[in-house]
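Note that UniProt numbering gives residue 47 to position 47 of the sequence shown, counting from 1, and the numbers run on in steps of one.
EDC-like, lysine to aspartate or glutamate: derived pairs with alpha carbons at most 16 Å apart:
id, residue 1, residue 2
1, Lys304, Glu12
2, Lys43, Glu53
3, Lys96, Asp171
4, Lys61, Asp92
5, Lys51, Glu66
6, Lys94, Asp171
7, Lys51, Glu67
8, Lys174, Glu131
9, Lys208, Glu283
10, Lys96, Asp132
11, Lys268, Asp374
12, Lys158, Glu176
13, Lys51, Glu68
14, Lys94, Glu131
15, Lys45, Asp122
16, Lys96, Asp122
17, Lys158, Asp92
18, Lys359, Glu283
19, Lys158, Glu131
20, Lys202, Asp266
21, Lys304, Asp374
In short, the hints are calculated from the structure, not lab data.
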Amino acid sequence: MASSKINSKKIESWLAIIAMLVVIIAWFVGRQLEGADILSSVKAKMPEIVKLEKIDEATYKIYNSEEEQLGYLTMESSMGYGGPLLMAVAVDQKGKVFDLAVVNSKETPSYLKKVLDAKFLDRIIGKSYQEDYSLGKEVDGISSATYSSRAILEASKKGNRFIAANVLGFDVPKEESPTIQFGTAEMVLLLLFAVGYFAHKKTFKHTKIARWGTMLVGLFVIGFYYNQPFTLSMINQLLLGYFPPLHSHLYWYLLLGGIFLVLTVDNKNPYCQWFCPFGAAQECMGLVGGAKPRSAGKFKMVFKWTLRIITLFAIVVALLVRNPGVTSYEIFGTLFKLTGSNFQFAILGIILVSSMFVKRPWCTYLCPIGAVADHFTHVRRLIMNKWKAKRANP
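Model the full structure from these sequences, guided by the hints.
Take a look at the structure:
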């Protein structure tokens with residue numbers, strides 16, 4: 001019996017190493033494949049532009065079908081929720097934006113579609129390089145897709161001013177230094193980490209009350225109000241090296257940094273058990289139906305490895321196509337912002353009903369975050385064991 005357990009641990013360790021190698025290979029392969037024909041995408045999305053005459057690496061003179069010069073076009077990117085978002089910005093000879101197109105995006109498709117369907121690009125067209133247009137002031141964003149809206153707006157303004165300054169020779173207003181956005185969401189997140197850290201200790205007498213408090217705050221603040229849960233796309237973004245600007249994405253750094261810091265130091269997963277908004281929603285439904293943990297019996301290992309394989313597949317595909325959100329299959333936005341396909345709403349309904357009888361069915365059988373955390377703690381344990389063995393036998 002002991003021998004089989006040892007063999008099982010060795011197999012799991014080798015599989016963990018193989019999974020890491022697969023992820024590394026997928027990263028390099030995806031990097032090589034990243035070279036889409038941007039110009040064909042521009043022509044398809046900007047039909048008025050028929051001819052492009054290259055000025056430099058990313059800037060062109062543009063003409064219509066009658067060989068009349070329309071102005072200039074450049075490519076500019078800005079960091080969205082999932083990674084860099086590349087815009088084609090067409091500017092007339094007076095320095096005004098007259099056409100825009102998203103030519104490459106790492107955003108979750110449903111959120112980007114929501115922005116484009118709301119005619120957000122039309123709110124920017126006609127803006128001059130002299131205007132200091134920004135989100136929430138001159139241009140209204142799209143609810144529940146703020147990061148995508150901001151990325152489109154910032155890339156458009158950068159492209160507008162680049163052409164005005166470097167091609168047209170206009171005197172462009174100086175950009176103000178960005179300030180770090182530290183608000184309620186960041187304060188709540190730090191508070192949740194602090195409560196979870198102190199309340200999980202054995203000396204704390206009111207752990208259950210504290211845990212329900214953090215879960216409810218996570219549900220209503222992180223979930224319903226801000227809709228900023230921890231998702232697989234964040235992990236993919238980290239693996240791809242798409243680090244957003246600190247001044248506008250402090251929450252992103254605090255959430256990922258806090259989770260991995262606690263996992264590294266304390267070997268605990270503070271997020272899933274203490275303030276995951278979707279986990280809290282399931283437990284609230286469990287209170288209604290009296291849900292209890294259900295053992296999968298002999299199928300336990302089957303479910304465990306199936307989830308790990310699905311998660312690995314989702315990460316590998318995201319790395320290959322260089323898009324963090326393309327395989328993020330979580331249904332969090334379907335609950336918190338009522339955004340998603342009919343299929344996603346059907347899955348959400350099944351999960352919520354199941355939560356009345358089975359404790360946290362999504363977390364147990366489907367959530368990729370748990371699988372990634374398990375892999376992280378397993379690799380950590382391997383490293384710690386090797387380090388301890390080396391210290392014991394120098």
